[in-house]
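Undergrad: Let chain A serve as the given structure and place chain B on it in line with the hints.
The primary structure of each chain is shown beneath.
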Amino acid sequence: MLEAQALTARRGAATLFAGLAFRVDAGRALFITGTNGTGKTTLLRILAGLTMPAEGSVRWRGDAIAPFSPRLREDVVFIGHAPALKDELTAEENLRSLVELSATHPTDADVEAALTAVALGAQRTLPARVLSQGQRRRIGLARLGFSRRPLWLLDEPATALDAAGLVLLSQMIAQQLATGGTVVAATHQTLDVPAERVATLTLS
Amino acid sequence: MTGALALSDNETPFGVGAALRWAVVRDLRLALRSRAELGVQLLFYVIVVSLFPLASSPDRTLLATMGPGVIWVAALLASLLSLPRLFASDFTDGTLEQIALSPFPLPALVSGKILAHWLTTGLPIVVLAPMLGLQYGLDAEISGIVMLALLIGTPILSLLGAIGAALTLGVRGGGSLLALLVLPLYVPVLIFGAGAADAVRAGLSVSAHLSLLTSGLLIALVGAPLATATAVRIALD
Chain A
1 MLEAQALTAR RGAATLFAGL AFRVDAGRAL FITGTNGTGK TTLLRILAGL TMPAEGSVRW
61 RGDAIAPFSP RLREDVVFIG HAPALKDELT AEENLRSLVE LSATHPTDAD VEAALTAVAL
121 GAQRTLPARV LSQGQRRRIG LARLGFSRRP LWLLDEPATA LDAAGLVLLS QMIAQQLATG
181 GTVVAATHQT LDVPAERVAT LTLS
Chain B
1001 MTGALALSDN ETPFGVGAAL RWAVVRDLRL ALRSRAELGV QLLFYVIVVS LFPLASSPDR
1061 TLLATMGPGV IWVAALLASL LSLPRLFASD FTDGTLEQIA LSPFPLPALV SGKILAHWLT
1121 TGLPIVVLAP MLGLQYGLDA EISGIVMLAL LIGTPILSLL GAIGAALTLG VRGGGSLLAL
1181 LVLPLYVPVL IFGAGAADAV RAGLSVSAHL SLLTSGLLIA LVGAPLATAT AVRIALD
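Chains A and B, in that order, give the protein sequences. Number 145 in our numbering belongs to position 145 of the first sequence; there are no gaps in the numbering. Number 1051 in our numbering belongs to position 51 of the second sequence; there are no gaps in the numbering.
Hint data in this document are derived by calculation from the structure and do not stem from the laboratory. Model, not experiment: these values are computed from the prediction. No residue lacks a Cβ here, since even glycine has one placed at the ideal position from N, Cα and C. Don't take every hint at face value.
[What the hints assert, rightly or not] Computed list of chain A residues with no C-beta within reach of chain B, every gap over 10 angstroms:
1. A6
2. R28
3. T35
4. G37
5. A64
6. P67
7. E100
8. S102
9. D108
10. T125
11. P150
12. G165
13. A174
14. A178
15. T187
16. T190
[Stated by the list, open to error] Going by beta-carbon spacing under 8 angstroms, a handful of chain A positions derived as facing chain B:
17. A48
18. T51
19. E74
20. H81
21. A84
22. S97
23. A103
24. L191
[Unchecked claim] These stretches of chain B come out as covered by chain A in the derived footprint (C-beta under 8 angstroms, 3 or more residues):
25. 1093-1099
26. 1174-1180
27. 1227-1237
So here's chain A without its partners, still in its complex pose (with noise of 0.2 angstroms):
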C-alpha cells in the first residue's frame, strides 16, 4: 500500500502542487493525469525516492520512506522518461542488463522470451542506436515482464508505443493488479485496465 501525505512539491519558485494525498492499496492503479509541467513526472520520481518532497511524505506499506531508502528500492520498477539505454549495447544486453541491476538472473532463454513477448524477437541482437522510439519504449515493456516486484511506478509508459503495444501494456498492468501489485502511471493514453481498480489523479 502506498501512501502520499500533504505532498507538495516545488520547482524554483514556482508550486508544482501542494497538500497532495492519496492511497493506493495492493492490487489497485492510479493513473496521472494533466497538461504539460503540472508535475507528474515530479510526483512519480517522489514517490521513487528520487527527490525530496518540499512537504509532505510518503508511505510504503505502512513505513515513511527517506529518498532511496533500500525497503522502497527491493520493492519498486521505475520506468521514467528517459528509458535507460545504450546505444552501443543490443537490445538482449540492454534488457539483461537492466533486469541483472535488479538482482535478478535471467537465463538467456529468458531474455529471449521475454523480448519475443514484446514482438523484439527478431530485434534482439541488433544495437538499440537501430530501434525506434517506439521498440525502444518495448525494452522497457520486456523489464516489466520480469519483475515480480510490488510497486510500478511508470513515467508516460505509453509515449511512441503502437496499437499492438497498448495492449501490451494494458495487459501487463492488469496482471500486475492481478497479483496484488500496486501501480502508478502517468499517462495520457486510455488503457484497458478494469476500471473497478483504478483511479485516476489529474495535476493541474
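TA: For chain B alone, kept in the frame of chain A given last:
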C-alpha cells in the same frame, strides 16, 4: 566477503561483489564498443608527452630530469579528459536513475564504474609510460619507478576524479568546472608521484614517496566511492 562489506554499508543484504561485477562488466563492454574514444584519449597522452622534447633543447640531462614530471602531467590531463565519460551519458539516458534505485549498494556500483574507468584509461597510461620515457632517455631503473608510481597514482586520479565528475553532473559548462575542481586535488598525487623518480636520481630511497602515494590510494579507496555515491544522489534530486 560480500556479507561483511554489505552489512557495514548498512544498506541492503545484496552483494557488493555482484554489484562490482555488474558495473565493471557493463562499463568495459561499453568501452570496447566505443574504442575510438579511448584511442583518442591515449593518443592525447602520447602526443602531449612527445611535444616537450620537440619544444625544449635536446640536452640529454635536461630531458632526463624533466621526463618523469612531463609524463605525470600528461597522465593527469589524459585522466581529466576522460572523466566526463564516467557518469555523463548514464545521467542523460536515465541509466543513473536505475543505478541509484537498484537494490545493490550504490557505493559498490560506483566503485565498479571507477575500476572500469581505471582499467580503460589509467592502466594503458601506466603501460605506455616506459615507451614514452625512451624519448627522454630514461634508464630502466627510473622508468620502472615511474611505472610503479603511476600504477599506485593513477587509481587515485580515477577515484578523486569520480567525485568531481559526479558533482558537476547536470551543470552547464561542467567540463571546465570539473578541471578547476579536480586539478588542485591532483596536486599531492603529482608531487609524490613525480618526486619518486627525483628521489632515485638523487640516490635516495623511494619508499617515502611510494608509501605516501599508497596511503593516499587507501584513503581514496575508502572515501571516494562513498563521496561519489552521495554526489550522484544529489545530482539526481
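Undergrad: Determine for every hint whether it applies to the structure shown.
TA: Comparing the hints with the structure gives:
1. A6: holds, 20 angstroms
2. R28: holds, 22 angstroms
3. T35: holds, 23 angstroms
4. G37: Label holds. Min Cβ-Cβ 19 angstroms, cutoff 10 angstroms.
5. A64: Holds: least Cβ distance 17 angstroms, greater than 10 angstroms.
6. P67: Check fails; 7 angstroms does not lie beyond 10 angstroms.
7. E100: A/E100 is in fact no farther than 10 angstroms from some Cβ atom of chain B, at 6 angstroms.
8. S102: A/S102 is in fact no farther than 10 angstroms from some Cβ atom of chain B, at 6 angstroms.
9. D108: holds, 16 angstroms
10. T125: holds, 14 angstroms
11. P150: The claim holds: A/P150 sits with its nearest Cβ about 13 angstroms from chain B, beyond 10 angstroms.
12. G165: holds, 19 angstroms
13. A174: Label holds. Min Cβ-Cβ 24 angstroms, cutoff 10 angstroms.
14. A178: Answer for A/A178: holds, closest chain B Cβ roughly 25 angstroms.
15. T187: holds, 18 angstroms
16. T190: holds, 26 angstroms
17. A48: holds, 6 angstroms
18. T51: Holds. Min distance 5 angstroms.
19. E74: holds, 5 angstroms
20. H81: With Cβ-Cβ at 7 angstroms, under 8 angstroms, it holds.
21. A84: holds, 4 angstroms
22. S97: Hint on A/S97: holds, closest Cβ of chain B at ~5 angstroms, below 8 angstroms.
23. A103: Since chain B brings a Cβ to about 5 angstroms from A/A103, closer than 8 angstroms, the hint holds.
24. L191: A/L191 check fails; min Cβ-Cβ to chain B is 22 angstroms, beyond 8 angstroms.
25. 1093-1099: holds (count 6)
26. 1174-1180: n = 0 at 8 angstroms, threshold three: violated.
27. 1227-1237: holds (count 3)
When held up to the earlier numbered hints, the structure conflicts with 6, 7, 8, 24 and 26 and fits the remainder.
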